[in-house]
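**Q** Residue-level listing of the chains:
2 protein chains.
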Amino acid sequence: MQKNDRAPRNREIERKFLVKQLPERLNRLRHYPIAQGYLAIESAGRRQVRLRKKGNSASLTFKVGRGGAREEREIKLSSKQFAALWPATAGRRLRKLRYEIPWNGLLIEIDIYQGNLSGLVVAEVEFPDQVSCWRFEPPLWFGREVTGEKRYSNVRLATE
Amino acid sequence: MQKNDRAPRNREIERKFLVKQLPERLNRLRHYPIAQGYLAIESAGRRQVRLRKKGNSASLTFKVGRGGAREEREIKLSSKQFAALWPATAGRRLRKLRYEIPWNGLLIEIDIYQGNLSGLVVAEVEFPDQVSCWRFEPPLWFGREVTGEKRYSNVRLATE
Chain A
1 MQKNDRAPRN REIERKFLVK QLPERLNRLR HYPIAQGYLA IESAGRRQVR
51 LRKKGNSASL TFKVGRGGAR EEREIKLSSK QFAALWPATA GRRLRKLRYE
101 IPWNGLLIEI DIYQGNLSGL VVAEVEFPDQ VSCWRFEPPL WFGREVTGEK
151 RYSNVRLATE
Chain B
1001 MQKNDRAPRN REIERKFLVK QLPERLNRLR HYPIAQGYLA IESAGRRQVR
1051 LRKKGNSASL TFKVGRGGAR EEREIKLSSK QFAALWPATA GRRLRKLRYE
1101 IPWNGLLIEI DIYQGNLSGL VVAEVEFPDQ VSCWRFEPPL WFGREVTGEK
1151 RYSNVRLATE
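Chains as they are written, first to last, in my numbering: chain A, 1 to 160; chain B, 1001 to 1160.
These are computed hints drawn from the structure, not numbers from a lab.
Keep in mind the model is a prediction, meaning the values are calculated, not measured.
Every residue, glycine too, gets a C-beta built ideally from N, C-alpha and C.
Possibly wrong hints are sitting among the right ones.
Claimed, not checked - Keeping only pairs whose Cα atoms sit at most 20 Å apart, straight-line, the calculated PhoX-like set for lysine-lysine is:
1. A:Lys80 to B:Lys1076
2. A:Lys80 to A:Lys53
3. A:Lys54 to A:Lys76
4. A:Lys53 to B:Lys1076
5. B:Lys1076 to B:Lys1053
6. B:Lys1076 to B:Lys1054
7. A:Lys76 to B:Lys1076
8. B:Lys1150 to A:Lys76
9. A:Lys20 to A:Lys53
10. B:Lys1020 to B:Lys1054
11. B:Lys1150 to B:Lys1053
12. A:Lys16 to A:Lys150
13. B:Lys1080 to A:Lys80
14. B:Lys1080 to B:Lys1053
15. B:Lys1016 to A:Lys76
What the hints assert, rightly or not - Cβ-to-Cβ under 7 Å is the rule here; a few derived chain A residues that face chain B:
16. Leu39
17. Glu42
18. Arg73
19. Ala84
20. Leu85
Start from the sequences and build out the full structure, keeping to the hints where you can.
**A** Here you go:
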């Protein structure tokens, strides 16, 4: 691995929870649809290449590693680039509605899954460092923590 | 799989041979360096996502399937997009010099591998259809046919 692979900007520190009860007046918060699909998934080492359309913007993301911290590299795609690759994700896709909730200086992202996965609601929180990650106290409306649980990974949800 | 996944433009029909002897005056032909690396490789189904720099132009290619015909989708990348993803291919790269030889209305591509793979020379011919593929008679300076042989796939060459 090269030196700049360990740079903080390429690392995600996050925790994931099921959601017991949706907060009120959710529709007043920033929200947008997300469609994502996987071009390739390596089970060993958990490498993945994901395509995502978030509102009107498209991206390609490379991820590797597991658990609370992993390497991530993302590029924006033009609509044309996205359209050329998207058909290759058939059978490995999911759709969700994402709501963004500012919370104690952090951002909670609520994902309401759609289609086959309708009924599943997950909250994700990303942290600027390990300390704020450990110290995080989940709001009362959060349910069980599922950080690192394979069955709630988007790769699994998209392919099973 | 979607209907447009079977469209001819996404299919490659090609044969691959070792090269016994390089043609003369090779440097008078069009040639350029290629650097390529793999973001992800799925062994089952042979899915792969490849980054490539060919001369000054960069691309990302998705491939799936095996043998003489497989699905392929490619997009051009800007230098910035390429630079953001390239570090993720560390340890899964190869370099080669490619020469293009027009031959009986077809194009022979000769790849002279570099670095660890120095000494390996391979010729590839792509065909517009299956009939021209079957009918192809290799020139005398071609060696053994290695179409479909895993050990000569670029994925294997880049990772072993």
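**Q** Taking the hints in turn, state whether each one holds.
**A** Verification of the hints:
no.	hint	result
1	A:Lys80 to B:Lys1076	holds (10 Å)
2	A:Lys80 to A:Lys53	holds (12 Å)
3	A:Lys54 to A:Lys76	holds (11 Å)
4	A:Lys53 to B:Lys1076	holds (19 Å)
5	B:Lys1076 to B:Lys1053	holds (10 Å)
6	B:Lys1076 to B:Lys1054	holds (11 Å)
7	A:Lys76 to B:Lys1076	holds (13 Å)
8	B:Lys1150 to A:Lys76	violated (33 Å)
9	A:Lys20 to A:Lys53	violated (27 Å)
10	B:Lys1020 to B:Lys1054	violated (25 Å)
11	B:Lys1150 to B:Lys1053	violated (23 Å)
12	A:Lys16 to A:Lys150	holds (11 Å)
13	B:Lys1080 to A:Lys80	holds (17 Å)
14	B:Lys1080 to B:Lys1053	holds (12 Å)
15	B:Lys1016 to A:Lys76	violated (35 Å)
16	Leu39	holds (5 Å)
17	Glu42	holds (5 Å)
18	Arg73	holds (5 Å)
19	Ala84	holds (5 Å)
20	Leu85	holds (6 Å)
Violated hints, listed in ascending order, are 8, 9, 10, 11, 15; each of the other numbered hints is respected by the structure.
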